[in-house]
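Participant: Read off the chains here:
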Amino acid sequence: KNEVEQSPQNLTAQEGEFITINCSYSVGISALHWLQQHPGGGIVSLFMLSSGKKKHGRLIATINIQEKHSSLHITASHPRDSAVYICAVPQYGNKLVFGAGTILRVKS
Amino acid sequence: DAGVIQSPRHEVTEMGQEVTLRCKPISGHDYLFWYRQTMMRGLELLIYFNNNVPIDDSGMPEDRFSAKMPNASFSTLKIQPSEPRDSAVYFCASSSQANTEAFFGQGTRLTVV
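Line order of the protein sequences matches chains A and B.
In terms of the working numbering, the first sequence opens at residue 1 and continues consecutively.
In terms of the working numbering, the second sequence opens at residue 1 and continues consecutively.
Warning: the hint list may mix true and false statements.
Unchecked claim - DMTMM-like mimics (lysine to aspartate or glutamate), calculated; alpha carbons at most 25 Å apart, straight line:
(1) A:K68 with B:D30
(2) A:K55 with B:D63
(3) A:K107 with A:E67
(4) B:K24 with B:D63
(5) A:K68 with B:D63
(6) A:K53 with B:D57
(7) A:K55 with A:E17
(8) B:K68 with B:E11
(9) B:K24 with B:E11
(10) A:K53 with A:E5
(11) A:K55 with A:E67
(12) B:K78 with B:E11
(13) A:K95 with B:D56
(14) A:K95 with B:D63
(15) A:K53 with B:E101
(16) A:K54 with B:D56
(17) A:K95 with B:E14
(18) A:K68 with B:E101
(19) A:K54 with B:D63
(20) A:K68 with A:E15
(21) B:K68 with B:D30
(22) A:K54 with B:D57
What the hints contain is simulated information worked out from the structure, not anything from laboratory work.
Since we're looking at a predicted model, the values are computed, not measured.
Isolated chain A (complex conformation) (with noise of 0.2 Å):
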């Protein structure tokens, strides 16, 4: 069985800050998901990245395969940041498992 682990659990930032958060998993995948759940609940595919890094805005994800280990990054975060952020991989075909996700509030 896959297990996710990420970190932290809760994030406070300021505007303007640079974010990370990480996500580690303990057996080798295909690939790894970001994705993004607003206050309102709905949830949105950020990422899905199997190697190298991927930038979309100013999101950035990388991921180390060797290391099992992924990282989410928020360049100039905003207010509207403010998201819990999940990390999913699969257990076996299209059976994901998800981290617990990491709270983000970014204050202005």
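Knowing the structure of chain A, use the given hints to seat chain B on it.
Facilitator: Relative to the frame of chain A, chain B by itself:
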């Protein structure tokens, strides 16, 4: 496309009643997933379908839960009889291929009293 559509958005029901949650996936997506989210356990996969066929239902908690996908544009998750511990947010998601980005619905918040 309007995205994945779930209904109802909120459901409050009494213990013992039957509850049916509905999902319309994105047109052309071959995979449909049902997830449950609780404070205690986070997000968990309940069941997923490929081309309307249930592939993995190992996450379905017990026989009170059942899911169907009669056609490519509609799926239901039924709980009968419902119990207070079933209170959670239930998400439906769809994707075009295996191991690709999934698109989530807005979820159904179920409260069983």
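Participant: The structure should be examined with respect to each hint, and the outcome stated for every one.
Facilitator: Now for the hints, and whether the structure bears them out:
1. For the suggested pair A:K68 and B:D30, the alpha carbons sit about 29 Å apart, so the restraint of at most 25 Å is broken.
2. The straight-line distance between the Cα atoms of A:K55 and B:D63 is roughly 43 Å, outside the 25 Å bound, and the hint therefore fails.
3. Among the hinted pairs, A:K107 with A:E67 is inconsistent with the structure: their alpha-carbon atoms are about 33 Å apart, more than 25 Å.
4. Proximity of B:K24 to B:D63 is assessed by CA-CA distance (about 24 Å); at most 25 Å being required, the pair is judged to hold.
5. Taking the CA atoms of A:K68 and B:D63, the gap is about 36 Å. The hint is violated against a cut of 25 Å.
6. Restraint check: the Cα-Cα separation between A:K53 and B:D57 comes to about 33 Å, which exceeds 25 Å; the hinted pair is violated.
7. Note on A:K55 and A:E17: the hinted pairing holds, with a Cα-Cα distance of about 17 Å set against a maximum of 25 Å.
8. For the given pair, B:K68 sits about 19 Å from B:E11 by alpha-carbon distance, which is consistent with the 25 Å threshold.
9. About 17 Å separates the Cα atoms of B:K24 and B:E11, which keeps this hinted pair within 25 Å; it holds.
10. At roughly 20 Å between alpha-carbon atoms, A:K53 and A:E5 fall within 25 Å of each other, so this suggested pair holds.
11. Restraint check for A:K55 and A:E67: the C-alpha separation of about 21 Å stays at or below 25 Å, so the hint holds.
12. For the hint linking B:K78 to B:E11, the alpha-carbon distance of about 13 Å falls within 25 Å, and the restraint holds.
13. For the given pair, A:K95 sits about 8 Å from B:D56 by alpha-carbon distance, which is consistent with the 25 Å threshold.
14. Proximity of A:K95 to B:D63 is assessed by CA-CA distance (about 20 Å); at most 25 Å being required, the pair is judged to hold.
15. Proximity of A:K53 to B:E101 is assessed by CA-CA distance (about 16 Å); at most 25 Å being required, the pair is judged to hold.
16. Between A:K54 and B:D56 the CA atoms are separated by roughly 30 Å; this puts the pair beyond 25 Å, and the hint is violated.
17. For the hint linking A:K95 to B:E14, the alpha-carbon distance of about 31 Å lies beyond 25 Å, and the restraint is violated.
18. Our distance criterion of 25 Å between C-alpha atoms is met by A:K68 and B:E101, whose separation comes to about 20 Å.
19. Distance hint between A:K54 and B:D63 is unfulfilled; the C-alpha atoms sit about 42 Å from each other, more than 25 Å.
20. Note on A:K68 and A:E15: the hinted pairing is violated, with a Cα-Cα distance of about 30 Å set against a maximum of 25 Å.
21. Only pairs whose Cα atoms come within 25 Å are accepted, and B:K68 paired with B:D30 is accepted, the gap being roughly 14 Å.
22. The hinted pair formed by A:K54 and B:D57 fails the criterion: a straight-line CA distance of about 32 Å is larger than 25 Å.
Comparing the model with each earlier hint shows violations of hints 1, 2, 3, 5, 6, 16, 17, 19, 20, 22; every other hint is respected.
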